[in-house]
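From first to last, the protein sequence lines stand for chains C and R. Position one of the first sequence corresponds to residue 0 (numbering that gives the first Met the number 0), numbered consecutively onward. Position one of the second sequence corresponds to residue 0 (numbering that gives the first Met the number 0), numbered consecutively onward.
Among these hints, one or two may not hold up.
Stated by the list, open to error - Listing some non-contacts, in silico: residues in chain C with all C-beta distances to chain R over 12 Å:
id, residue
1, GLN21
2, LEU36
3, ASP55
4, THR65
5, MET119
Stated by the list, open to error - Just a few of them, taken from the derived set where beta-carbon distance is under 10 Å, the chain C residues facing chain R:
id, residue
6, PHE61
7, VAL68
8, MET70
9, ALA139
10, ILE141
11, LEU147
12, ALA149
13, PHE151
14, LEU178
15, THR179
Hints are computed from structural coordinates only; laboratory data are not their basis. Small disclaimer: the values here were computed from a predicted structure and weren't measured. Where a beta carbon is used, it is the ideal one built from N, C-alpha and C, also for glycine.
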Amino acid sequence: MSENTISKETLEPVEGALSLEQLSEQIEEIKGQLQTLTNGAQEDKLSLIVFSGDLDKVLASFIIATGAVAMGLDVVMFFTFWGTPVLRDKKKAAGGKDFMGKMFGTMLPKGAGGVKLSKMNMGGMGTTMMRTLMKKKNVASIEQLMELAAEFGVRIFVCEMSMDLMGFKREEMVDYPNLTYCGVAKFLEEAVESKIQLFI
Amino acid sequence: MTDNITPDDTLDCSGLSCPMPLLKTKKQLGSMKSGQVLEIISTDPGTKNDLPAFARKTGNELLGVKDEDGRSLYYLKVK
Numbered sequence: 000m001s002e003n004t005i006s007k008e009t010l011e012p013v014e015g016a017l018s019l020e021q022l023s024e025q026i027e028e029i030k031g032q033l034q035t036l037t038n039g040a041q042e043d044k045l046s047l048i049v050f051s052g053d054l055d056k057v058l059a060s061f062i063i064a065t066g067a068v069a070m071g072l073d074v075v076m077f078f079t080f081w082g083t084p085v086l087r088d089k090k091k092a093a094g095g096k097d098f099m100g101k102m103f104g105t106m107l108p109k110g111a112g113g114v115k116l117s118k119m120n121m122g123g124m125g126t127t128m129m130r131t132l133m134k135k136k137n138v139a140s141i142e143q144l145m146e147l148a149a150e151f152g153v154r155i156f157v158c159e160m161s162m163d164l165m166g167f168k169r170e171e172m173v174d175y176p177n178l179t180y181c182g183v184a185k186f187l188e189e190a191v192e193s194k195i196q197l198f199i
Numbered sequence: 000m001t002d003n004i005t006p007d008d009t010l011d012c013s014g015l016s017c018p019m020p021l022l023k024t025k026k027q028l029g030s031m032k033s034g035q036v037l038e039i040i041s042t043d044p045g046t047k048n049d050l051p052a053f054a055r056k057t058g059n060e061l062l063g064v065k066d067e068d069g070r071s072l073y074y075l076k077v078k
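Chain R with its partners taken away, still in its complex shape (with noise of 0.2 Å):
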């Protein structure tokens, strides 16, 4: 599902805690455009839950999760 999205974007967080993937994110999506896609990459098992409730809050759609080997990869759709 996630294969043949091409981030316009890409944010690392590896290594960075609760609330930085949160917080660096917002950061990201103020410089990008609307329907653009920002791939984050996060190493903090609190992300899976935070990415979908900061997605659902905010209005912009998460288009999708990929585990690879000890990180996940968000594609977040900006609104």
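Here chain C stands alone, though its shape is the one from the complex (with noise of 0.2 Å):
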């Protein structure tokens, strides 16, 4: 054997160096570390909370989940609150209400056709002002959006709580694509990978 030939006999271990064993667990801890970011990262998504069930903010709510969507985000919306009454339907009616359910079924807007201006409304004038001017401008409105926000894939998540509260049953609810009920951890579980978060 020439000495120049490095062999595992012929190297002197230095001080300090770690092991093969040391190394590649080392490497492990690294990919796991890299493993939880990665799982943690933020997705280009959006995800929203309409709580407002007035006209402007609603509207508002589908023209940034239509718009989002269009531009390649993942949309997600949970209807809570307020907002659950935008997703009646007006055609349907369900049965076997209290008296309670029956009230706030007949005082909240049935369906986004029902919602009114927070502000302006002045007992419903401003409101059917404001629909004509939108007739007039070629705005769209909130159902056109919903349409194509069912088109586009936009997810909708109605708060499960808020319709037993105020007395909803899931059979007066619009017909949308994979309209899923659910509680705070679902809407959590959306926003903590979203880059978009926002409260209507």
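Dock the two chains into a complex; use the hints.
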């Protein structure tokens, strides 16, 4: 064996050097950390809470949602509290409601066509004027945008607790593809991996 | 710059306001092939900033914009 040849036997162990086992252990650890980082990475996703049941705010919600999905984002909308009645279908009715349920059912808007402006409603006059103006100026209605949202694959979740509180039944909700009933955890699961979260 | 572009398809969004030109464009692109050029006609002033942003985000190339009497013509090359 020539003196220049390096073999395991000729190599002097360096003080403090890591053994192969230690190295592979460290690599495994780094792999694990990388996986955690990748899992926690935010996606091009928009999570939107529609809390409001006002015409202007719901309209804005749908404009942002459809715009985002057109831009290539994954979009989820969560309807809760005053936003819940927006998803009722005016052609559908649900029986078996108690007194409070009936009262909420009558007093809250029945679907997107029944929502009012948050400002300048003036006993409904302002809302009527706004709807006329929107038609005149060719601004899409909530109903039209909701149809497009369905077509583009915007996912809609409805807060089960709000529905229960206001006495709404599943059979009176709109026919929206994959309409899902959920709780707060489902929203948070989506929100935590979304780059954009909005509360409207 | 836009004179020698021959679009494969035309989408007329005249009179429509935000976000409809964007949504209709998205819809139209779905039925087109890669490399084809879509001509979008819009009278909505917001489209001026919206379509370039859409192009940047989605990777479709905006070849050019032409302004003519109150409306704008956009040429978008499908990714």
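Next on the checklist: If you test the structure against every hint from before, which numbers come out violated?
Outcome noted: As far as the earlier hints go, 4, 10, 12, 14, 15 are violated by this structure, in ascending order.
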